[in-house]
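One letter stands for each residue in the lines below.
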Amino acid sequence: MTNIERHNYDVVVIGAGGAGLRAAIEARLAGKKTAIISKSLFGKAHTVMAEGGAAAAMGNANSNDNWMVHFRDTMRGGKFLNNFRMAELHAKEAPDRIWELETYGALFDRTADGRISQRNFGGHEYPRLAHVGDRTGLELIRTLQQKIVSLQQEDYAATGSYESRIRVFAETTITELFVEGGRIAGAFGYYRESGEFVLFEAPAIVLATGGVGKSYKVTSNSWEYTGDGHALAMRAGATLINMEFLQFHPTGMVWPPSVKGILVTESVRGDGGVLRNSEGKRFMFDYVPDVFRKQYAETEEEADRWYTDPDNNRRPPELLPRDEVARAINSEVKAGRGTPAGGIYLDIASRRPAEFILKRLPSMYHQFKELADVDITKQPMEIGPTCHYVMGGVEVDPDTAAAAVPGLFAAGEVSGGMHGSNRLGGNSLSDLLVFGKRAGEYAARCADETTKRVKVPAATLNAAVENALAPLGRGEGGENPYTVHGELQQVMNDLVGIIRRRSELEESLGRLADLKERIKKVGVGGGRRYNPGWHLALDLRNMLAVSECTAKAALEREESRGGHTREDFPQMDPDWRRVNLVCSLQGEDVRLERKALPTMRSELMRLFDRAELAKYLTDEELADFDAAAEGVAASGGSASNSAAVGGADKGDV
Amino acid sequence: MGEQRNFRVWRGDDNGGQLEDFQVEVNDGEVVLDIIHRLQATQAPDLAVRWNCKAGKCGSCSMEINGKPRLGCMTRMSTFAPEETVTVTPLRTFPVIRDLVTDVSFNYQKARELPAFAPPADVAPGEYRMQQIDVERSQEFRKCIECFLCQNVCHVIRDHEDNKQAFSGPRFFIRAAELDMHPLDTRTDRKDAAVEEQGIGYCNITKCCTEVCPEHIKITDNAIIPMKERAVDRRYDPIAWLGSKIFRREQLDKPAGYATAGVATAPRPNAGTADTPVEQAAAHGAQGDISANWHREAAAGHAAPVGPDGKLPVTEFTGQLAGAQSPFGDDVEFPMPATDINYQHPNRPDEH
Ligand SMILES: Cc1cc2nc3c(=O)[nH]c(=O)nc-3n(C[C@H](O)[C@H](O)[C@H](O)COP(=O)(O)OP(=O)(O)OC[C@H]3O[C@@H](n4cnc5c(N)ncnc54)[C@H](O)[C@@H]3O)c2cc1C
Ligand code: SF4
Ligand code: SF4
Ligand code: FES
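Protein chains in written order, with full-length UniProt numbering: chain A, 1 to 653; chain B, 1 to 352.
Same shape as in the complex, but just chain A (with noise of 0.2 angstroms):
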């Protein structure tokens, strides 16, 4: 059998953006011998794009802003269907974890106080994103990056290497988990460059492997995203929750045709864009939903108002939640009030002097210029709706980070349950760096406590040596890889997109049926080494796997929330944000069940408006609350809700 490389190590992550090297580096500052793994070259990963800004409730662009608020905003963002321990967790946590950056060397933008400066976002009550220009998660990334190698400097100091602890496998990729007497041993891929396989042989696995973007077709996620991660998971026991919440952004470009899917950052919208359909008409006031009625702006005066006066206007409608904005979008070029390429303006140039936009979105400035010959400071932009983000993922203890399966972590955008139905701009690096860390910390005493560590066995090895050579070995013969995976992109893109309907889900189920026989069929010519021919091949199932259970849940969730919005049930329905939607894996066939969602604690319940929880509870969940209130004021309990909890917080954080 071929020779594999064979590598012990306490924690092995798979994954090197914000999530993975966050996690990293808390397990090797617990002691323990990490290896992280990743497909890109280090520093590459995905987190690179993100431009917005990171979330959390620092207080320095508003003192009124606190962890209360945040969470708030989340839970509203994610309309209720969000684990709240997670929201909980990440609106503490948050602002130590950014804070922390600053003493790895980021360089965030500033206050005029010396402070890290914070920006609006939509969704987020106050300017509560940490930025550097539109180019933050290239800091949080490099920042990480930059931590590591200081960590691989005090190695090399104390130990005369520098991989002594902790080491990168740059350019490998993951393709098998391994599960011995029900706990995770190990983790099998290959070198891209040398198409050699690897064998990794650890007590604790923490995911971090993104998304699964790549199974549409416009998309603002670049080949990394196939959602390996998910399906790795899946295969090995776990389960995943809130598949059907896809989130699309509203403003991804859609001229030129080749760069369609390149993200217009959403702070063009907090800086004064407006959005304008092919009649010129700011429309965006047609499609405020009644729950947001009472924060945004019923007049374009007094939106225009609130970007110097936040305090006594309420916000324009283009800060709606993304979903929001996604939708009025579509209806509008459904309406035929689209522009030739099938998308909407999104005009700042006629509203900010160059200068200003220059500023503020220098990256967005230069990426037009060079890409589309567009000059944004002189003219609108043409967008439209891009599948973004994957709210569902692994579904994991909120405080630990845990898999169900012993052994198996995950964070980051991998992991579900923390955005809920949908999530806020700048929640997700936030959110990398928050539970990365608890993943770290709770993987390496994971690994402290297996003391008897399991050896893969030679059997399980080799199928999965033969599994991965199986594309190459059908050659040229076999299905073109590229073919199915466009075509798969098409299923999912015209089928599970935006807008749902029963009659589209059920086609692309018996669609899906028949690519995953044809993906077995997958072959290409070349050799092992740096084919990306077979590394699509074998991704090609990966991306499979999630977007059955995308289309599965998606059908069985019978009512429109966040990121799942169905044609024929157009409305949210209280009794389904009691439930998650479960996916496994039962042989090669994704099986889907109900769960119930734990029920918040009382406390954070009180954090809203009555009549705000009447918007998304059921009946029978409003009268406890009202039983619970009253509770409350018959105990004498006077202080005000939001006071109460951070009073006996204190402590907590």
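Just so you know, the hints here were simulated from the structure itself, not pulled from any lab data.
A quick note: this is a predicted structure, and the numbers were derived from the prediction, not measured.
Check the hints yourself; a few may be wrong.
Below, simulated DSSO-like cross-link-like pairs (lysine-lysine); rule was C-alpha separation at most 27 angstroms, straight line [what the hints assert, rightly or not]:
hint, chain 1, residue 1, chain 2, residue 2
1, A, Lys217, A, Lys260
2, A, Lys334, A, Lys281
3, A, Lys92, A, Lys615
4, B, Lys110, A, Lys33
5, A, Lys369, A, Lys281
6, A, Lys369, B, Lys68
The hints should help you fit chain B with the ligands onto chain A, whose structure is shown.
For chain B with the ligands alone, coordinates are given in the frame of chain A:
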């Protein structure tokens, strides 16, 4: 429907290879990376290329296009004449792995050798206070997307493999400068380390690195020259060092600008410095006749963008310019035609 264009792509590995000709469809608005992807999907499924973001943000897709080091995802097909054959080759300075993919591990090694940020011991997380104007200088360098085009084009390592040991390259000079200018970094020896550990002395300010940087970072003017500006008496004088950190803003206020003064007057700024490595580098430069462009006169530095009072604006916001000054001159419109860039790849059609 698109038109058919001629493409030549280098195919091969560390054992050698050759340019292969393709006829491929090109549509409106496409970039070179799109065409490579079309080749993968239709004619050469195993054609190896690195890419991630397709938006000029990750620095993965570095390649040489018609001999010029560029990002494949940021090079529009419309910059070429319809009948022109577009030739795509891998970065020359790094060993080829396969096709357009090279082994860039050199850069990660050099990154590891550079002392990391040294945080102040007595400032708690959350208590860091820095002014925007003070972080902006370092922020310019943190824009780096690690495409390594500057490393690829720097003749010190491009033409002299044996220099790789001693020379970190422009990417890491800006990293050193970034830390040197970081308002809270506590190390005092960054300039010395740049000379002693990184071999900055080998650099003879040809500015090729600045010219190819897709982020338009003024590598030479804003990083290398200030780092080289290591007055011997200042080097061991802690008070002078302190001054350089604390009075930074005053320095900025100097009418002539902080970094450009030296360059603006001296056509070859290094000529006068009698540092051994520099002399060496000059010698290297003189004998290497690989490309005439590396030995051209360095462009005159641009004067600092001072106002009528002879001072820099307090922030970029109030100034005329956003971001750093352009290495091409501030009056040049982008994107400029590739042919106008003062850099030529030596022709080497058949070797790898
Ligand atoms: C254009 C764009 C803009 C965005 N802007 C923002 C923003 O402003 N604010 C915000 O909060 N969020 C933003 N996001 C979302 C956010 O960037 C991502 O959700 C986040 O970066 C995901 O990080 P991660 O650590 O989970 O994974 P990633 O950074 O995607 O990293 C995944 C890693 O896993 C590795 N990997 C994957 N599969 C395998 C495998 N099989 N074997 C080995 N390694 C593997 C990859 O190589 C990569 O290193 C944006 C996203 C995009 C696309
Ligand atoms: S200025 Fe020239 S010699 Fe100096 S680092 Fe840049 S490319 Fe190399
Ligand atoms: S400095 Fe510029 S050219 Fe060099 S690696 Fe960074 S972005 Fe690329
Ligand atoms: S693909 Fe990221 S820079 Fe070109």
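Checked hints:
no.: 1; hint: Lys217(A) / Lys260(A); result: holds (9 angstroms)
no.: 2; hint: Lys334(A) / Lys281(A); result: holds (15 angstroms)
no.: 3; hint: Lys92(A) / Lys615(A); result: holds (26 angstroms)
no.: 4; hint: Lys110(B) / Lys33(A); result: holds (23 angstroms)
no.: 5; hint: Lys369(A) / Lys281(A); result: holds (26 angstroms)
no.: 6; hint: Lys369(A) / Lys68(B); result: holds (20 angstroms)
Every hint from the earlier list agrees with this structure, and none is contradicted.
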